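Listed below, chain by chain, are the residues.
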Amino acid sequence: MARSIAIVEDEPLIRANYVEALNRFGYEARGYGSRGDASTAFAMRLPELVIIDIGLGDEPEGGFDLCRELRAKSATLPIIFLTARDSDFDVISGLRLGADDYLSKDTSLHQLAARIAALFRRIESLKAPASSETVVSHGPLKLESERMRVTWNGIEIPLTVTEFWMVHTLVRFPGHVKNRDQLMREAELVVDDATITSHIKRIRKKFIALAPDFDAIETVHGVGYRWHP
Amino acid sequence: MTLRRKLLLVALCTLVLPLAGWLYVRQMESLLRDGQAQALSASARALARTLAVLDTDLPSARGGWYVQDTAVPITVDGYGDDWATLTPWSQSLPGNAKLMLAREGDWLYLFIDVRTAHRTRPDVFDNAARRADHVTLLLGRGVEQRRYLIASDAPGAVTATSIDEAAGNLPAQLQAQWQEDGSGYRVELRIPASVTLDRLGVGVYSAAAGGDPVAQETRPLMGFSPSTSAELGRLAPPEVRVRLLAPGAWLLAQHGRLGLTDLPPAKRPGWFASLVYASLLSRRLDPAAEWAEDAPRVDLPEVRQALGGAPAVAWRAGQSRGSVVLSAAMPVDVEGSVRGVVLLEQANRDVPLLANRALLGLFIISFLALLVAGGVLLAFATRLTLRLRRLRDAAELAQQNDGRLDGRFPLTDASDELGDLARSFDQLLQVVGGYTDYLRTLASKLSHELNTPLAIVKSSLDNLEQAALPPEAGPYLARARDGVARLGTLVRAMSEASRMERAIAAAEAEDVDLAAVVGGCAAAYRGLAGDRSVECVLPEGPLRMHAAPELLAQALDKLFDNALSFTPPGGWLRVSLREVPDGAQIEVANQGPPLPEAMQGRLFDSLVSLRDRATPGDAPHLGLGLYVVRLVAERHDGSASAHNLADGSGVAFVLHVRPMTRHRL
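Which chain is which? The protein sequence lines are W and P, in order. Residue numbering for the first sequence follows this note's numbering, starting at 1 and increasing by one per position. Residue numbering for the second sequence follows this note's numbering, starting at 1001 and increasing by one per position.
There is no bait here: all hints are sound.
Covered stretches of chain W, going by a simulated chain P footprint (3 or more residues, C-beta under 8 angstroms):
1. 16 to 25
2. 101 to 108
3. 218 to 228
Partner residues are not named here, just some residues of chain W that face chain P (Cβ under 8 angstroms, in silico):
4. E11
5. L13
6. A84
7. T197
No lab work stands behind these hints, which were simulated from the structure alone. Computed from a prediction, not measured in an experiment: that's the story for all the values here. Backbone N, C-alpha and C define an ideal beta-carbon position, used for all residues, glycine too.
Just chain W, with the same shape it has in the complex (with noise of 0.2 angstroms):
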């Protein structure tokens, strides 16, 4: 059976193109014009993941507030939050909530198909045993890619999609420099390298935050950054 996603978007245009598109890629995708008419419905049934606006309608935050109600409901159920804001703020704001990614609009529909398959991949591989294979480990590194997840010294380090995308491509070969332009491309992303360096950033503070000695990503200036083994 498809699996159903959600997707709130006020501009009525916009959410038919992901609506009709995601269909075509096999979903079951049901569009919400406002807040109100997206509450009422996941009351009834929660899709299995949920893409929002932010400004919704007359309210601004209003994808915030949403994001806030869902994960009340459920911890795990996949949120990806797809604005036209793409200031930094706004992107702190929504991983505080628990998004588990942020795209701007102006991603394809082809980096929002993957992103989807991957978040719905890792669900599905978190249900499963972990296959060894696909784990890397690097001193006190770990990077199961299946699940989507990094642990550093067996604690788990709670990226997003986007962000465990840099830093798989990163870890794979350890001491290449990867400029932004790599980076960019393995993450599936579409962005300016103010952002790339905004991500790195907040990477970097998402492992200090539980490893305060953290220092394995390296800036290369004027060319990108590297694993530091």
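Dock chain P against the given chain W, drawing on the hints supplied.
Just chain P now, with coordinates in the frame of chain W:
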């Protein structure tokens, strides 16, 4: 010229005050003098009338022979030595001769000096004497008169015999002395005073000149009269010297002296006052007429005028220092003919106390007024200047600060025109500030609003790709996608400034080696420079600083991007790092056209771009790159600047950064 100087110049207008005062005092002085002159003139007129009415003994209008009084005894010898004091007032005779008459003791002396180059000598007892050079005398009293002929062929005593019949007690002969030299001859004789004469005739005959041998110039005799003087004394006003003059300005009578009572020293004007008076107030005076003091003839201009029939007044310097003499001459008119002149003279102090005191007061007051006016104007101008400067400083500060001013604009509370100006400035700044803010936020607002339609187009294109399309639609789809991508870049660029502002504000500092940052960036740029050379100049060792390396790298990216776009193909670029006492300087220099002077200060402002219109396909230039550099510099407590290289080969952009303050968590 500053406002203060101008106002001081304006203050000079108060100099009109002393000028007006000076003119006034001068006029007053002039009026006083005129009054005095008129009073004296009136006295003279009254005196002249009185004399005319009293029928005082006055000579005829034709004049007469003046008999001088002399104290020197005269010896009749034909020589003029004892006449020396009288010589200046000798009377002319026809035939180049001079006549002098003097009274001394009981005698009337007579001296005739004839100048002649041709002598024709006669014999006294010869009738032909009348044809030779001779002098004829006529003595007359009432109806009686007798003529005498004096001639001599040699110097010495000579007897003048009468050529008329005897008349009264007029003598038959006169004893005379005859002396001569190469230039002429002199005749001296005396007549006893007992022979009272009322007229005298003198004739000089020269054989060479010809004419009537017995013709005489006959005139009444006149002289200084003590009795008339006494009479004048009774009529004259006090403290005035009065003189009665005959036609020819001969002195007939005199009374009074030109006395000037001395003031006590305290009241006497000082030398300064005298100088001020002399240079500013006094009218030009005729020079002192010293020779006219005790002379028998008072030949002054005003006397000559009065003898012509018109009254006259004159001021002249007095004999003693510091005095002036006012003299009024009035003709004595008897039956229509001028028979004499009354001359009244009065001595005055040359510095009238009233005028002097007034003048001094005027000077002190106007000087004080000038001082006060100048001081007040200076203070006013200073205050005005200070206020204007505050206004200017605030305006300049606001201009440097993109039209924003911390705090209120100064002087907006003032109620005068400067206050109006300040309020206008304030409003202008608010308008400009609003406009600047609008411009600043326009791009990001616009990009935000454009994002949604862009997303619609993009997602629609994504869906379109999945739809069944004829093969010929492929290229169009690709072009639409390309256009959307470009539009997306543009929209992102528009919001870059606000995103950078937020990013820069949120940036966190760390201890970093700037040499490594700059070196790494420069190494990366080599790949982007193509055929242009990139030189990197770094300090010897590491340059550690508490800074935000991402921001610096971004600023460097912008600077390099900017430099690269202005460097001609095959040109050079130079990235250098220098340590300076309070931080570090990162410089990006490139070969290329120099910066226009006017733009140098504004390059780092938002939305300022020097570039030509971007070629199609290039990323758009909104003039935000260097603005980001400035923001980064300011985040590092430093500054960004641009200048042309000294040798004119290119341009250098300098990013001056200082260590960021450490925040403790």
